[in-house]
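Undergrad: Please model the entire structure based on the sequences and the hints provided.
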Amino acid sequence: MPKLSVWYVRASLVYLALGGTFGAIILSHKGIPWAPWAWRLLEAHIDVTLLGWVTLLILGVAYWILPRFGVRRGREGWALGAFISMNVGLLLVLIAPWFLKGHVLLFMGRGLEAFAVMAFVIHAWPRVKPLMVSTAETLVEAAKERKALQKEELRAKQ
Amino acid sequence: MPRVTRWFVRLSLLYLVGALLVGLGLAARQMGWGPSWIARWSPVYFHFFMLGWATQLIFGVAHWMFPNYTPEAPRGNEGLVWFALISVNVGLVLRAVAEPLLGRGPLWGWALVVAAVLQWAGIIAFVWNTWPRVRPRR
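Those protein sequence lines, which keep their order, are chains L and P.
Using the numbering used here, you'd call the opening residue of the first sequence number 1 and step up by one each time.
Using the numbering used here, you'd call the opening residue of the second sequence number 1 and step up by one each time.
Check before you lean on any hint, since a few could be wrong.
Unchecked claim - Cβ pair distances, simulated, as ranges: (1) 68(L) to 31(P): 43 to 53 Å; (2) 157(L) to 40(P): 55 to 65 Å; (3) 135(P) to 135(L): 29 to 39 Å; (4) 79(P) to 141(L): 23 to 33 Å.
These are calculated hints, taken from the structure and not from any lab test.
Glycine included, each C-beta is placed from N, C-alpha and C at the ideal position.
TA: Okay, here's the thing in C-alpha cells:
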C-alpha cells in the first residue's frame, strides 16, 4: 500500500470513529435527553460519515489499486491536494456549528470538499484504462523507471 | 474468505434489501397507506444503507483483503472483529425496533441509548483491530 493510501485509509478510520461517536451522542440524546447540543453535530455526522469515512476510504484504495503508468501513479500531486483539501474542508464543517458565523465556515468547508473530489477526479481519470500489456520493451522501460524512482528516494533520504 | 467476512457480506446484503423495503414503506406512508409509525423509520432507512449495507460490506472486505498484521495473527484479533459484527448488528436492529416506539414509555428511550452504545462499541472495535493493518509495504 503506497504511503498516500495509508494516509487516506487511516484518516477514513479516524472519521469512522468520529462519525460513530457523533451518531451515538445524537441517538442516545434522542432516547434520553442529556446533551442539548447534540443536534448541532448532525451536519458533521453526515459529512464525516459520507465523505470522511466512505469517500476517503474509496479514494485511498483507488489510489492504491487503479492501473499505474509503469511504477508511477500519474498526477500524484492532485491526489495529495485532494487529501489535504478534504481534511481541511471536513475540519471546517466540524467546527462550523460552534461559531457565530458558522454558515461561512460551513460554506468554505463544503467548497474545499468539492474541490477535493474534483482534484481526485483529475488524478484518477487517466488511470481508468486497460492494463498495459507487458512486452520486453515495456518491461525494460518499467525497470528503468523503478531504478530512477529508487535513486530519487535515496537522494531524498540523504 | 474468512468466516466473519462471510457474515459481514451476507448481513450487508440483507440490510440492502431491508433498506429498500423500509424506503418502500416510507413512500407508501406518504400516499397515506400503512400505520403512522412507519414515518418514524426515516433515520432507520439511512442507517440501514450506511451502516448496515455500505459500512458492513467494507468491514467484511477490509478484514479479508487488507495487508496482514503478523504471520502468526494475519488478521489481528479475530475476537474483536466478531464482537464488532455482533455489537453493530444487535445495535442496529434494536434501533430499528425502538425508534418508532419512542415516546411509549422510558423503556424505549433507554433501548435507543443501548443501541447507540452497541453500534459505537462495534465501530471502535473494528477500527482498533484494523488500524495496525493499514501500513506501507514492508
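Undergrad: Each hint: holds or not?
TA: Verification of the supplied hints:
no.: 1; hint: 68(L) to 31(P): 43 to 53 Å; verdict: holds (51 Å)
no.: 2; hint: 157(L) to 40(P): 55 to 65 Å; verdict: holds (59 Å)
no.: 3; hint: 135(P) to 135(L): 29 to 39 Å; verdict: holds (34 Å)
no.: 4; hint: 79(P) to 141(L): 23 to 33 Å; verdict: violated (48 Å)
In this structure, only the earlier hint numbered 4 is contradicted, and the remaining ones agree with it.
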